[in-house]
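> Generate the whole structure from the sequences, applying the supplied hints.
Each residue of the sequence shown is one higher than the last, beginning at 1 in our numbering.
One thing to keep in mind: the hints can contain errors.
[What the hints assert, rightly or not] When the alpha-carbon atoms are kept at most 20 Å apart in a straight line, the in silico EDC-like pairs for lysine to aspartate or glutamate are as follows:
1) LYS186 <-> ASP219
2) LYS34 <-> GLU62
3) LYS35 <-> ASP148
4) LYS365 <-> ASP313
5) LYS35 <-> ASP83
6) LYS422 <-> ASP103
7) LYS401 <-> ASP377
8) LYS137 <-> ASP103
9) LYS295 <-> GLU314
10) LYS244 <-> ASP257
11) LYS137 <-> ASP148
12) LYS365 <-> GLU375
13) LYS393 <-> GLU371
14) LYS383 <-> GLU355
15) LYS383 <-> ASP267
16) LYS421 <-> GLU410
17) LYS365 <-> GLU355
18) LYS295 <-> GLU253
19) LYS274 <-> GLU355
20) LYS207 <-> ASP219
21) LYS288 <-> GLU314
22) LYS46 <-> ASP238
23) LYS203 <-> ASP83
24) LYS288 <-> GLU218
25) LYS393 <-> GLU218
26) LYS403 <-> ASP377
27) LYS263 <-> GLU370
28) LYS220 <-> ASP204
29) LYS244 <-> GLU355
30) LYS203 <-> ASP219
31) LYS401 <-> GLU355
32) LYS421 <-> GLU191
33) LYS274 <-> GLU382
34) LYS404 <-> GLU355
35) LYS33 <-> GLU62
36) LYS306 <-> GLU355
37) LYS186 <-> ASP201
[Stated by the list, open to error] Here are the simulated distance ranges between beta carbons:
38) SER378 <-> ASN76: 31 to 37 Å
39) ASN425 <-> ASN76: 30 to 36 Å
40) LYS33 <-> LYS152: 55 to 61 Å
These are computed hints drawn from the structure, not numbers from a lab. Using N, Cα and C, we set each Cβ at its ideal position, and we do this for glycine too.
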Amino acid sequence: MNTTRRQFIRTSGLALGATALPGSSFAQEGAVKKKTVLLQCGWAVKNIGDVGHTPGTLRFMEQHLPDTHFILWAANVNQPVEDMLMKRFPQLEIVRGSLTQKDGPVQQAIARSDFFLRGPGMGQPTDFMKYCNKTGKPWGLQGQSYFDTMVKGEGAEERIALLSSAAFIYCRDSKTLQVLKDAGVKTPVLEFGPDGCFGVDVKDEEKALARLKKYGLEDKKFITVQLRTHSPSSPGVDDTRPQKLNPLHPTAENIADDTRRAKVYQDLIAMWVKETGYKVVIAPEVYKEMEYNKKFIYDTLPDNLKPYVVNFDEFWNVDEACSFYRRAHTVICHEPHTPIMALAVGTPMMHTFSEFHSPKCWMFKDIGLEEWAPEFDSTPAEKMFEILMGIHKDYAGAEAKVKKAMAYVEERAAACMSSVKKALNA
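Pasting the structure below:
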């Protein structure tokens with residue numbers, strides 16, 4: 001099915017010309033019809049960073065566009081994710097399907113919308129740009145990152161022209177912003193704007209508290225870590241992108257990279273436990289990493305450290321993760337979105353990045369947290385420990401730094417939503 005049952009009831013009623021149900025987001029006040037924004041988002045369900053884009057972006061939209069109806073074109077939403085979204089945004093409409101399906105749910109949703117917003121992501125296709133331009137639908141990009149191949153190589157001229165036809169482009173990192181500017185992309189607005197995940201405010205206190213109890217964890221007395229490995233995103237599936245971020249058959253060099261980085265985390269764990277006696281949680285952002293983090297980090301730890309280290313053996317949704325991270329001392333991750341969630345709930349973080357994965361790693365520098373974003377391969381464990389202890393020794397100061405960074409995030413999110421509002425009223 002391309003739509004959920006609840007959305008079928010909503011959309012079929014509208015299509016048949018039926019009177020909108022009381023409380024429905026289609027109900028009109030007098031003769032004024034609500035403006036509608038279609039958000040394309042929801043890229044994956046086995047990556048809570050990808051999951052977090054959606055409720056975070058919707059929160060920004062809800063806050064700054066309060067009299068607007070929102071449709072989510074969900075690339076990938078399972079039942080737990082949908083239930084979480086509908087609980088937080090009960091008036092949300094969700095559609096699924098392909099843009100190529102003639103007069104299908106997606107094309108119909110675009111036709112019913114006043115504006116098309118592409119949510120946060122990396123290396124987007126251009127099909128939606130072409131379709132919106134063909135149908136005369138204004139569109140914009142929020143929280144984007146690109147490798148420079150987007151504006152270089154074969155077909156670059158066409159892609160630059162398409163990008164220039166957007167109502168606005170907000171890049172989530174300054175490197176992408178500069179790449180687009182240098183390539184000659186020209187839109188009415190081309191600026192820095194935060195990844196939508198920064199707006200996340202969903203929570204599941206019950207599950208988070210149960211998990212804390214299960215593992216004997218105390219508030220603010222544990223840190224979390226997660227390594228990103230050179231491993232396939234799904235069993236038997238190869239990564240077809242030129243960057244080969246998730247190779248089906250990791251090379252000897254890939255495995256050496258994973259082993260070396262895992263050792264840095266192991267040394268950091270040992271220093272943290274020795275200094276504080278606090279625990280460490282290997283907490284997943286991506287489902288596929290659970291197996292490999294256990295293999296590379298937990299399994300080879302010395303026996304005297306293992307009692308202090310918790311390795312989760314079950315995945316979770318972004319709402320539980322946010323409630324959990326709110327109680328962590330510091331969140332450390334090779335992926336970027338776990339640290340973003342930590343900041344969103346007021347918790348200090350460290351993003352041990354590898355730019356190979358994408359320029360989105362520069363997000364933290366752009367919001368004033370460069371010292372908490374060390375480059376993984378050039379930063380020894382001792383330096384990472386120094387950063388971590390700086391947070392520990394002045395925790396109130398670290399929390400204040402989080403608040404300052406998030407205030408800037410909110411300022412830039414407001415600017416992005418202001419551009420949406422301007423486009424809606426054009």
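> Each hint should be assessed against the structure and marked as holding or not.
Tested hints:
Our distance criterion of 20 Å between C-alpha atoms is broken by LYS186 and ASP219, whose separation comes to about 48 Å. As the CA atoms of LYS34 and GLU62 are separated by approximately 13 Å, the hinted pair is consistent with the 20 Å bound. A threshold of 20 Å between alpha carbons decides the hint, and for LYS35 with ASP148 the separation of about 35 Å lies outside it, so the pair is violated. The straight-line distance between the Cα atoms of LYS365 and ASP313 is roughly 33 Å, outside the 20 Å bound, and the hint therefore fails.
Straight-line distance between C-alpha atoms of LYS35 and ASP83 comes to about 25 Å, which puts the hinted pair past the 20 Å bound. This hinted pair does not check out: LYS422 and ASP103 have alpha carbons roughly 28 Å apart, beyond 20 Å. In summary, the hint linking LYS401 to ASP377 is not supported, as the alpha carbons are separated by about 25 Å, beyond the 20 Å threshold. Of the pairs offered as hints, the one joining LYS137 and ASP103 holds, with about 15 Å between alpha carbons and a cut-off of 20 Å not exceeded.
Proposed proximity of LYS295 and GLU314 is supported: the alpha carbons are some 15 Å apart, at most 20 Å. Restraint check for LYS244 and ASP257: the C-alpha separation of about 14 Å stays at or below 20 Å, so the hint holds. Proximity of LYS137 to ASP148 is assessed by CA-CA distance (about 27 Å); at most 20 Å being required, the pair is judged violated. Pair hint LYS365 plus GLU375 holds up; C-alpha atoms about 12 Å apart against a cutoff of 20 Å.
For the hint linking LYS393 to GLU371, the alpha-carbon distance of about 15 Å falls within 20 Å, and the restraint holds. Between LYS383 and GLU355 the CA atoms are separated by roughly 19 Å; this keeps the pair inside 20 Å, and the hint holds. Our distance criterion of 20 Å between C-alpha atoms is met by LYS383 and ASP267, whose separation comes to about 11 Å. Our distance criterion of 20 Å between C-alpha atoms is met by LYS421 and GLU410, whose separation comes to about 16 Å.
For a cut-off of 20 Å, the pair hint linking LYS365 to GLU355 stands: about 13 Å separates their Cα positions. Taking the CA atoms of LYS295 and GLU253, the gap is near 17 Å; set against the 20 Å cutoff, the hint holds. At roughly 31 Å between alpha-carbon atoms, LYS274 and GLU355 are farther apart than 20 Å, so this suggested pair is violated. For the hint pairing LYS207 with ASP219, the CA-to-CA distance comes to about 15 Å; that is within 20 Å, so the pair holds.
As the CA atoms of LYS288 and GLU314 are separated by approximately 11 Å, the hinted pair is consistent with the 20 Å bound. For the hint pairing LYS46 with ASP238, the CA-to-CA distance comes to about 17 Å; that is within 20 Å, so the pair holds. Proximity of LYS203 to ASP83 is assessed by CA-CA distance (about 12 Å); at most 20 Å being required, the pair is judged to hold. Using a Cα cut-off of 20 Å, the hinted pair LYS288 and GLU218 is violated, with the two alpha carbons roughly 27 Å apart.
A distance of roughly 18 Å separates the Cα atoms of LYS393 and GLU218; the hinted pair therefore holds under the 20 Å criterion. Distance hint between LYS403 and ASP377 is unfulfilled; the C-alpha atoms sit about 29 Å from each other, more than 20 Å. Between the alpha carbons of LYS263 and GLU370 the distance comes to roughly 23 Å, so the proposed pair goes past 20 Å and is violated. For the given pair, LYS220 sits about 18 Å from ASP204 by alpha-carbon distance, which is consistent with the 20 Å threshold.
For the proposed pair LYS244 and GLU355, the alpha carbon gap of about 13 Å is at most 20 Å, so the pair holds. Under the criterion of a C-alpha separation no larger than 20 Å, the hint pairing LYS203 with ASP219 is consistent with the structure, at around 16 Å. At most 20 Å may separate the alpha-carbon atoms for a hinted pair to count; LYS401 and GLU355 exceed this at roughly 24 Å. A distance of roughly 16 Å separates the Cα atoms of LYS421 and GLU191; the hinted pair therefore holds under the 20 Å criterion.
At roughly 13 Å between alpha-carbon atoms, LYS274 and GLU382 fall within 20 Å of each other, so this suggested pair holds. At roughly 25 Å between alpha-carbon atoms, LYS404 and GLU355 are farther apart than 20 Å, so this suggested pair is violated. A threshold of 20 Å between alpha carbons decides the hint, and for LYS33 with GLU62 the separation of about 17 Å falls inside it, so the pair holds. Restraint check for LYS306 and GLU355: the C-alpha separation of about 31 Å exceeds 20 Å, so the hint is violated.
With a C-alpha separation of about 33 Å, the suggested pairing of LYS186 with ASP201 is violated against the 20 Å cut-off. Checked against the hint of 31 to 37 Å, the pair SER378 and ASN76 passes, with Cβ atoms roughly 35 Å apart. A C-beta distance of roughly 32 Å is found between ASN425 and ASN76, which places it inside the suggested range of 30 to 36 Å. Take LYS33 and LYS152: their Cβ atoms lie about 43 Å apart, and the range 55 to 61 Å is violated.
When each numbered hint is compared with the structure, violations occur for hints 1, 3, 4, 5, 6, 7, 11, 19, 24, 26, 27, 31, 34, 36, 37, 40.
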